[in-house]
Every structure is written in structure tokens, then in C-alpha cells.
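All chains should be built: construct the whole structure from the sequences, respecting the hints.
The chain contents come next:
Protein chains: 2
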Amino acid sequence: MTELKYDVAGIGNALVDVIADADDHFLVANGIEKGGMTLIDTARADELYGRMGQAIEMSGGSCANTIAGLASLGGKGAFFGKVKKDQLGQVFEHDIKSLGVHFPAPLAEDGPPTGRCLILVTPDAQRSMNTYLGAAQNLTADDIDADIIKASFATYMEGYLWDQPGAKAAFLKAAKIAREAGRIVSLTLSDSFCVARYRDEFRKLVADEVDLLFANEAEILSLYEVDLFDEALAQVKKDCKFAALTRSEAGAVIVAEGEVHVVDADKVAKVVDTTGAGDLFASGFLFGLSHGYSPVHSARLGAMAAAEIISHYGPRPQVSLAKLAKEKGL
Amino acid sequence: MTELKYDVAGIGNALVDVIADADDHFLVANGIEKGGMTLIDTARADELYGRMGQAIEMSGGSCANTIAGLASLGGKGAFFGKVKKDQLGQVFEHDIKSLGVHFPAPLAEDGPPTGRCLILVTPDAQRSMNTYLGAAQNLTADDIDADIIKASFATYMEGYLWDQPGAKAAFLKAAKIAREAGRIVSLTLSDSFCVARYRDEFRKLVADEVDLLFANEAEILSLYEVDLFDEALAQVKKDCKFAALTRSEAGAVIVAEGEVHVVDADKVAKVVDTTGAGDLFASGFLFGLSHGYSPVHSARLGAMAAAEIISHYGPRPQVSLAKLAKEKGL
Numbered sequence: 001m002t003e004l005k006y007d008v009a010g011i012g013n014a015l016v017d018v019i020a021d022a023d024d025h026f027l028v029a030n031g032i033e034k035g036g037m038t039l040i041d042t043a044r045a046d047e048l049y050g051r052m053g054q055a056i057e058m059s060g061g062s063c064a065n066t067i068a069g070l071a072s073l074g075g076k077g078a079f080f081g082k083v084k085k086d087q088l089g090q091v092f093e094h095d096i097k098s099l100g101v102h103f104p105a106p107l108a109e110d111g112p113p114t115g116r117c118l119i120l121v122t123p124d125a126q127r128s129m130n131t132y133l134g135a136a137q138n139l140t141a142d143d144i145d146a147d148i149i150k151a152s153f154a155t156y157m158e159g160y161l162w163d164q165p166g167a168k169a170a171f172l173k174a175a176k177i178a179r180e181a182g183r184i185v186s187l188t189l190s191d192s193f194c195v196a197r198y199r200d201e202f203r204k205l206v207a208d209e210v211d212l213l214f215a216n217e218a219e220i221l222s223l224y225e226v227d228l229f230d231e232a233l234a235q236v237k238k239d240c241k242f243a244a245l246t247r248s249e250a251g252a253v254i255v256a257e258g259e260v261h262v263v264d265a266d267k268v269a270k271v272v273d274t275t276g277a278g279d280l281f282a283s284g285f286l287f288g289l290s291h292g293y294s295p296v297h298s299a300r301l302g303a304m305a306a307a308e309i310i311s312h313y314g315p316r317p318q319v320s321l322a323k324l325a326k327e328k329g330l
Numbered sequence: 001m002t003e004l005k006y007d008v009a010g011i012g013n014a015l016v017d018v019i020a021d022a023d024d025h026f027l028v029a030n031g032i033e034k035g036g037m038t039l040i041d042t043a044r045a046d047e048l049y050g051r052m053g054q055a056i057e058m059s060g061g062s063c064a065n066t067i068a069g070l071a072s073l074g075g076k077g078a079f080f081g082k083v084k085k086d087q088l089g090q091v092f093e094h095d096i097k098s099l100g101v102h103f104p105a106p107l108a109e110d111g112p113p114t115g116r117c118l119i120l121v122t123p124d125a126q127r128s129m130n131t132y133l134g135a136a137q138n139l140t141a142d143d144i145d146a147d148i149i150k151a152s153f154a155t156y157m158e159g160y161l162w163d164q165p166g167a168k169a170a171f172l173k174a175a176k177i178a179r180e181a182g183r184i185v186s187l188t189l190s191d192s193f194c195v196a197r198y199r200d201e202f203r204k205l206v207a208d209e210v211d212l213l214f215a216n217e218a219e220i221l222s223l224y225e226v227d228l229f230d231e232a233l234a235q236v237k238k239d240c241k242f243a244a245l246t247r248s249e250a251g252a253v254i255v256a257e258g259e260v261h262v263v264d265a266d267k268v269a270k271v272v273d274t275t276g277a278g279d280l281f282a283s284g285f286l287f288g289l290s291h292g293y294s295p296v297h298s299a300r301l302g303a304m305a306a307a308e309i310i311s312h313y314g315p316r317p318q319v320s321l322a323k324l325a326k327e328k329g330l
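Residue numbers (my numbering), protein chains in the order written: chain A, 1 to 330; chain B, 1 to 330.
To be clear, the hints were calculated from the coordinates, so they are not data collected in a lab. The reader is advised that the hints may include incorrect statements.
Given that identical chains are not distinguished, each listed pair holds provided it fits within a single copy or across any two copies.
In the BS3-like style, the derived pairs of lysine-lysine whose C-alpha atoms are separated by at most 27 Å in a straight line are [said to hold, decoys possible]:
no., residue 1, residue 2
1, LYS34, LYS85
2, LYS204, LYS238
3, LYS267, LYS238
4, LYS97, LYS34
5, LYS270, LYS323
6, LYS270, LYS326
7, LYS238, LYS328
None of the values given here were measured: they were computed from a predicted structure.
This is the structure:
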């Protein structure tokens, strides 16, 4: 068996976030699905950006945020995703490498520019995302290095990958390698609209290939087409060895080898921007499991990381999560 | 006399800030002048960026921050500065235009990339700046539109412009137009190292051309080469009709037609990043004067804007300053 070199290998859309405040009227006037993630083309991206207020830019991408959070906790991560060799691509590369994350895919010399996620944050701290995939859509199975997958405790993938055939192929290749190597295959359902687009495929994937599933309440209800959380919970217990179901301020419900645990959310003085809450919960949970902590302890790390991320703008930690965990006795 | 169309026309280096945390050891190990602004070349920018941690990007530039703050207060601003037509230049253009600021200089089609200021924020919230001017250095007198200067209550310029011959010429041209049109010529000394580089020229400029001077304590002491604040104050009273001398948490000392007023700093729960404190003080003071408020009232607006900016990362307001002023009865 290959020696373990990484805690988590992540595969996801490599994006730079462009974050601005907006009110609900702006969302309505611009036809933006509140709380969701909508794919947009160049023309729509230009139009929307032109209407948005002053913004801040920082590296994003759901899975990349998770790997960045894992690194901030002191974990060893690798990330597969595509950016172009342009200014924003160099920002993405710099940020993820600065955390010590292995980022092997070469920056694209041509093709579309680095992908951007235009994020509108409303006064209720909800984020509504509009993603121009750009270079991210050119991730293919060829970008996946089997040796890295085999050397990772877990492989973590985002449901968003399903939106592009090449990325989907990369996902399936990595899952196969991880499974055959006896490693953990983990998936986040990403977004309830994304689940609605690919429900049948995701159901099969979750039942057949996924060891560890991450989902929020809306996503898991949508996956199983049920109205009650407990019905979804009963189904996921059958499908997956582990599941982490996040319910915002109501905390998280953890499934671990048939047992169910409830872990409270951490208190936050002021919720500023919920972007990255789920991503960072996954950081903590994956860090914990890969370091031999119990599922409950791992979920507490997830709750801590999620609380840090929602207390400021943007989906990357502003403090060392390893230091924070130490301060909190985790 | 030309009709007033703008409160303030600003001329400055157009930059995108790249902001990361660092400890004092990092500053020492990388030979960074703590609290200052150092000009760097491409090689040094690449080296330093490569060593910096994960960063956030947002529009910056001292004078541009002031004009952005003025716009956030509800003022009408224009800004002259140069960026390239690249991703970061488009970010700069978007952000300043999104505030309703008139930004007439066309984006450069070739030449160096958009300028960046690599900002390291230490745990004491002090910021140390390393500026790669890039396209900003190509601002020239030709970029200054005389009609805009004539139509502005005040023209506001940054001392940093002195570092480039073209920008200096732009400054002098604008000052001459403003003076001849009977408008206010205002200057910020920018940085004590900058003052040390051009002390003699700045002394002459302040005495002969500047109606309103902005400086912090270190800058004004350096300008007059004195040790005591009161000595500097006595000199600036002779040189300028108005002066706003900022002293961090000790508040500001305002000179207004021979009279001296002391205005307290606003309380801040937690100082996160002092980048932009002086820039935003100038926003409030200029907004106030151009709207007919008293110098003391104007300084209170400055103190309010400075307090907002140091309570978070980055030099652009995160909330509407107009709304904040209303809430505070200003």
C-alpha cells in the first residue's frame, strides 16, 4: 500500500471570489437566485460585475476553501483544479501554495481566463453566488495524479464538478483510484440546485462510491426527495459509512458507522458572510478524521472552523485555525 | 468661473492592494521598513509576494482611497491615476466607478502591469507597504483634464507622486490650474520617508502652493525637521490656511485660518489594520469642507471614517459612510 503523504486530496473548481455587498432588491432586479450558485457566461459575468458595488477579491472555490482550511489547521493537502496563467490565476496559485498545499496542475497558457465567482452578500449574511467557470472548466482526468490520490487518507470532491464533463471524468477517475487503494472517498453535495440537476447520478454515486458525505439540510432533503430531515438521515445511514449533515446555527448531525451524533454550532458574535461555512466545516471534519480524532471531536473542529469563516468576509480563514483549535482545547 | 461639478479631484498612484498578515520577524527577515512605504521593482515584488501568506486583493492607492471614502460619504469625486487594461486594472476601474467616481484616464493598452501595493499587517495592526508602481508610474500631465480641476471645490494630491517625474508634472499642472481658478489646493505628505526624500521641495510647495495640508505627526515633524509637535504646528499655521494633522488614537489637530482645534479620535472596539486611516480622515475632512461644514465638524467626519477603516482589513469602507454619519448625527 502506498505510504500516506497527504491527509486530503481535493478536486474542485479553482475560482477567485469577487465579493460585494448587495441588498435583496439588487438580487431580485438582477434575477439572482438567493443563497444558490448559478453558472454564468462571460456576457452575464461582465453585466453583473458592472452592476455590482466595490468588491474584494480573494481565492475561493468550494473544495479549494476546504483544503485551505485543512492546511490552516495544520493538515497536509493537495488540490487539483485549473486556472489560467493570468493575474487572477497567479493569485489563486500563490494563495493555495502559500499554505503549503500541493497544487500540481500547470496553469493554462491559453483558453478562457481564470474562473471567478461573483458573490453578493445581503444584510442577512446570506451569500448568492454567480460562477463564471473560465479555465476551471478545463480540468480533465489527465490532471489527476494517481500517486497523490493513493497517498491521501481521503479524496474530497465537490458536486459542482458534475457541471463539466471533463471535471466529472476527473472525479470518477480519482474516486476509482481512491477506492481501489482502500482510501476514503468523500463528496460534498455543494448546492441544492446542483443536486436537483444531477439527482439520479448523485444518488447512485452516494450509494455505491461515497464513504463520507457532506451536505447541508436543503441538499440532503433534495437528494432523497423527502420533506423531513429524519427521513434523509435514515437513508444516508444506509448509504454511507460517514456523513456530516450541517444545519447552520442548529449545528451538525454526524453519522459514523451507523451511530448518530449531534454537535452544536459554535456561537458567533456577528455573522458577516456565510460564504464558505460548509467548506470550512468539511476542513475541520476531514482534518479530525485523518488525524485519528473521533467523529464528534472532528465535527467540533468543523464547527469551530465554520464559525471563524462566517465572522468575516470571504471563504478563507483570517487566523491560524491550528492556533484557534489549541486555544479552544481541541 | 467654472461651475462646481465635483467636491474633490484627486491625483494619485492607482494601485491594487495585496494584503496579508505577517509577524515582526517576517518584516525583519525580509528587510521591510515597518510602518513605511517602500518602492519595489518587479523582481522584489515577485520575491516578496512569493514569501507572503495567503492574501486578499482590493483596490487601494492612498489618494484613490480618499476619493472612494468621499464618494461613500455621498460626495462627488474625480480621480486621475493610471492602470493597465489587465485583470487588476479592471478591478481598480470597476471599484472606483462603482462608487460614482469620475475616472477619465484610459486604461493603458501596453507597458507595465497595473501597480500593486504588497501590504503586510502585523499583530499590532500596523501596516508596512511595498509598492510596485507598474502602470501608475506612467501618469503624466497630459492625463490631467483642466476642466475637471476647475470644476472641483478642491484638488487633492499625494506626496507619493513626487517619486515619478511624469506624476510630479501632473501634480504641478493641476495645482496651477486649481490655484488660478481660485480652487483649494490640498496635499497629503503621504509618508515620513517620502518627506525625507523630497523635504526641500515639499517645504516650498507647502509654503507657496498648498491651501490645505494633511499630515500625520511623523510626517509634519520630518517636514519641518523639528522634534516637538507644537513647533511644527506653529510653522504650518504660517504656511497654510488649513491643515489637518492626525495623531492616531490621540486624535487630530486642525488648523483653520489661524485657529487651532483638537478633535478626538473615534473609539474602535478592535483595531485590525491601520491601512488607509489617514486617507479616510482626509475623505471626511474634504467632504465636510466642500459641503460647507465647519473645520471641526469636518474633522469629526474624518475621525469617523478613519475609525471605520481601521476596524477591518483594507483601505476601502465596508459600509456606507453616509449612513454611518447619519447614525452618528454628523
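- Between the shortest in-copy and the shortest cross-copy C-alpha distance, which are at most 27 Å for LYS34 and LYS85: within, between, both, or neither? neither (32 Å within a copy, 32 Å between copies)
- Between copies, within a copy, both or neither: which fits LYS204 and LYS238 at Cα up to 27 Å? Answer is within: at 13 Å inside a copy they meet the 27 Å cutoff, but 81 Å across does not.
- How would you label the pair LYS270, LYS326 (within, between, both, or neither) given a Cα cut-off of 27 Å? both (22 Å within a copy, 22 Å between copies)
- Within, between, both or neither, where LYS270 and LYS323 count as close if Cα-Cα is 27 Å or less: both (21 Å within a copy, 19 Å between copies)
- Message: Regarding LYS267 and LYS238, is the shortest C-alpha distance of 27 Å or less found within a copy, between copies, in both, or in neither?
- Response: The answer is neither: 32 Å in one copy and 56 Å across copies each exceed 27 Å.
- Evaluate LYS97 and LYS34 at a C-alpha cut-off of 27 Å and name the case that applies: within, between, both or neither. Between. Shortest inter-copy distance 26 Å satisfies the 27 Å Cα cut-off; intra-copy 32 Å does not.
- Should LYS238 paired with LYS328 be assigned to within, between, both, or neither, using CA atoms and 27 Å as the limit? For LYS238 and LYS328, the Cα distance exceeds 27 Å both inside one copy (34 Å) and across copies (57 Å).
Comparing the model with each earlier hint shows violations of hints 1, 3 and 7; every other hint is respected.
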